[in-house]
Each structure stands twice: as C-alpha cells, then as structure tokens.
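The hints should help you fit chain E onto chain C, whose structure is shown.
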Amino acid sequence: MSVTTTGGNPQLNRHGELKHLLTIEGLPREVLERILDTAAPFTEVAEREVKKLPLLRGKSVFNLFFENSTRTRTTFEIAAKRLSADVINLNISTSSANKGETLLDTVDNLAAMQADMFVVRHASSGAPYLIAQHLAATGRDHIHVVNAGDGRHAHPTQGLLDMYTVRHYKKDFTQLTVAIVGDVLHSRVARSQIHALNILGVPEIRVIAPKTLLPTGVERLGVRVFNDMREGLRGVDVVMMLRLQNERMQGALLPSTQEFFKSWGLTPEKLALAKPDAIVMHPGPMNRGVEIDSAVADGNQAVILPQVTFGIAVRMAVMAMLGGN
Amino acid sequence: MPAPQLPDAEALCAALAEAMRARVDPAVTALVGIHTGGVWVAERLHAALGLKIPPGSIDVSFHRDDYHQRGLHAGNKSSQIPFDVEAAHIVIVDDVLYTGRTIRAAMNELFDYGRPGRIDLAVLCDRGGRELPVAPTWCAHSLSLPASQMLALERADDGRLSFRLMEK
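Respectively, the protein sequence lines represent chains C and E.
Position 62 of the first sequence, counted from 1, bears residue number 62 in the numbering used here, the numbering being contiguous throughout.
Numbering-wise, the numbering used here comes out as the position in the second sequence, counting from 1, plus 1000.
If you're looking for bench data, these hints aren't it; they were derived computationally from the structure.
The model shown is predicted, which means the values in this text are computed figures rather than measured ones.
One thing to keep in mind: the hints can contain errors.
[Claimed, not checked] What follows is a set of in silico ranges between Cβ atoms, one per label pair, in the way DEER data are often shown: (1) E/Ala1048 to C/Asp172: 38 to 46 Å; (2) E/Glu1154 to C/Thr70: 49 to 57 Å; (3) C/Asp298 to E/Gly1050: 44 to 52 Å; (4) E/Glu1167 to C/Pro276: 53 to 61 Å.
[As the list claims (entries may be wrong)] For lysine to aspartate or glutamate, the following EDC-like pairs were computed, each having C-alpha atoms within a straight-line distance of at most 16 Å: (5) E/Lys1077 to C/Glu33; (6) C/Lys59 to E/Asp1065; (7) C/Lys52 to E/Asp1112.
Ideal placement from N, C-alpha and C gives every residue a C-beta, glycine not left out.
Just chain C, same shape as in the assembly:
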C-alpha cells in the first residue's frame, strides 16, 4: 500500500495534469483555461449525425448520488454516454446507505466492480475529497473522482460551465463586472463561481444578497458585497442568479418567498440597471417568481438553456481529460 503524495494539489498528477476534479479553488489558471479550450470542440459533437466519441469506450463511470439531483445526474450520464462509457447510476440516498453501509465501504465495493470513474454528489462537504484520498491510500488512484456537488462546498463542473458560458458571450474575462445574486449562504455553485472568476482574472465580482443569506467573511473570497440589489446590478456585464434553496434552510432566514421576490427577485425593471447587453444566467432548477421573474427567464438576455447545452460539453471535456491522464 502506498500513499501518493502529489506535494500540492490533490487533483493534479505529478505532471500537473488533472487527475480528479474536486474543486475549482486552487486550480492553476492554465488548467482552468485548458478545460474551457478542450470543451469547445465537444460542443459540436451534438450537431453530428453520430453524437458519440470512443474516448471512454470500455470504461465504467459510476454516478454516485448520495443526494437527489435529476438534472446534474442526467447531464453527467449523457456526457459519459456520448464518450461511449458504460454508465451506472446509483441513487444511494435510497439504497445501501440506509442499510448502514459507510461511504468508503460503498466505494470499495464499486471499485471491486472495476469502476474507472466516480461522479459523486453528496450532502456533506468534502465527501469526494475523502473518496479520492481513500483511493490513493489504497493504491487505486487510477480511479478518477469528479465532484458533482458536495454540501455547501463546491460544484466545480457547474462553475466551469458557467465560465464557458461567460466566455462564449463575453470573450474576455479581464474587463468584466459580474454579479452573483441570491442565496450565497447555501450555494456551492456560488463558491465555485467566485473561485473561477477570480482565477480567470475578472476584476470585479459582486455578491448581492440579504445579510441572512451571506456566509460570514464572504469578502475574503475577493468579492464586493451589496445588500441593495439595484445598487449592485448597476453596470454589470453578467448576472448570475442563484436558486433559493428552501430545502437547506433551517430557521427563519426569510420572511416569505413573496417578500424575497420583492427585494431580491430579478425583474425586467431591475435588470435594466445592468449593461444593455448583460447576460442572465441561472444554474437551474429555477424558482420562477421567487428569485427570477418569468419575463427575465424567458427574455432575450437569458442564456439559461445554452448553459445546459454547454454543461454537457464541459462535462464531456472534464471526463475525457481525466480518463486520459
């Protein structure tokens, strides 16, 4: 048994190539840009007669979802299938975990079934990292781990697809003002976005939220905090809306969803304060009439559906890069 020490980022192998994708935080800018560059040709695969590439042929990808998510699981499944992998979906919230099996026992069992890649969604922050560490410590680090969202920590592929979307519409990160709006406190998406935007050199990242939905010390991530939505949206190039995560809320953080919409919902009138060519993004699923008005969600500044399409290409690129490293 040997513990692999990479001497730095546990996501990178000794050549500095991506071995796992656990978080965007701490990724070198060139690795981040390489993922975005690699994703571009994958977007065109969807236009082909045959929407399938042989890169992961003969490989088994296990979608380990300890927390429900239809959309993310589906896009990972499509991405892996378009790379010709065999995909096995496990919704563990409804299976062995309920019978008392530990996370690492589950991983050991699936590794014994010749898994090549784990795509992990877990309610606890750090679960994918724990799995990667365990695989390394038991000499099985040929198995790759992709974080599909862990607790409040990170959702790196969402962050990447958001960056791909921004780059697609805005080209240059270094001239942009980007606003992230809503429930930052519970959002792993927001954390991944903030890290990615910082790494890619966005000069102004704004976070717009009520004080009760902001993590303490959020400024230390390199963002400007606005508690007034109108003020925060003024002159921005990109508006990234977050989903109000009612299911994660404990206690009375909000008066009501109607009240929330009044102060923090993105309406056409508030959006008019942003630059005229500003784009509106949302990671889905949307709560219409809570964080976003239907007129904005269906309006011509929204790029929410392109985000979904780009998400498949970005996940294909990530899995193809990991599978070859």
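Same frame as chain C, now just chain E:
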C-alpha cells in the same frame, strides 16, 4: 546517416494537384484536410483544382488510438465539415503519411457525419513505416525515414509551405 534532401513542398502541392485532376470532378469532389498541415495542403489543392465545394478540416483527437497513453491534449480543434458527407466523394488530404493511424482516425471522424460514397487519400509525402493497411490514392513524393525522425510541414508568415526534419 546523411540528412536526406527534403522535397520542395510547394512543387509537390502543384504536382499533387496535377496527378488528381483527371479523377476529380470540380462540381462534386470535396476535400478534407487533416489538422494542421493537411488543411494547408487542402487549401492549395482546392484552389489549383478549382473545386466548387469548400474544403473541410478534420481534427483526429477524438478518434486517436493512443488516447489512453497520451491523454487528450490541449489545442484540439473542431472538425469543420461544410458539406453533406452522405454519399459524397471525399478526398482526405494530409501532409505526411506515416503509420496510417491518423488516416484511420480521420475516416472514423468522417463517418460520424454520415456515410461517404467514396473516400480517396492524397498526401504530399509518404515516409514509409506503415502499421495499418492504408495506401494513398495519390502521393507526390516518397522517402524512407527512421522512426527517430519526424517530418513536418510548416507554413511561413508569407504562406509558403516547406518541410522540416526533426529528431524526436
């Protein structure tokens, strides 16, 4: 071993076009160049033969057979096939023909867009060393090089093509 005399790439482009002329139909034949050198050669041939269909380009990264050894490297480009592949007469164009593996990958890539009616292969230079049963339909020059050497086509700022020999 003394360095072999490298052929003049511009002259080979012209010779290749002449060799192809009798068997291409400018109205229906389509060229696809393999990134990067093959794309440059395809542009030359397209102009010299006066073909109507715009040339396509192919990046073989998605179908390389050494992906599991070498991984997916940055700089892969998108294939651009600006015509309907179904039943088309297509000429795959490359600068150097070596093991044949790139051509195999290029054919796989083409078939992802449809079922071509016929595929031909045109290359500037065949350097020997085939590892797959691939033979060019047209080849402007042949030479034999040891595996330790790499022959590559380069394009100067003024657009001139030339060959360069490198030690691996």
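Comparing the hints with the structure gives:
1. E/Ala1048 to C/Asp172: 38 to 46 Å: Holds, since E/Ala1048 and C/Asp172 (Cβ atoms, about 39 Å apart) stay within the stated range.
2. E/Glu1154 to C/Thr70: 49 to 57 Å: Given range 49 to 57 Å: holds, Cβ gap about 51 Å.
3. C/Asp298 to E/Gly1050: 44 to 52 Å: Check passed, 49 Å falls within 44 to 52 Å.
4. E/Glu1167 to C/Pro276: 53 to 61 Å: holds, 56 Å
5. E/Lys1077 to C/Glu33: It holds: about 15 Å lies between the C-alpha atoms, which stays within 16 Å.
6. C/Lys59 to E/Asp1065: Measuring from Cα to Cα gives roughly 15 Å; hence the hint holds.
7. C/Lys52 to E/Asp1112: This hinted pair holds, its Cα atoms lying about 8 Å apart.
In the structure shown, no violation is registered for any of the earlier numbered hints.
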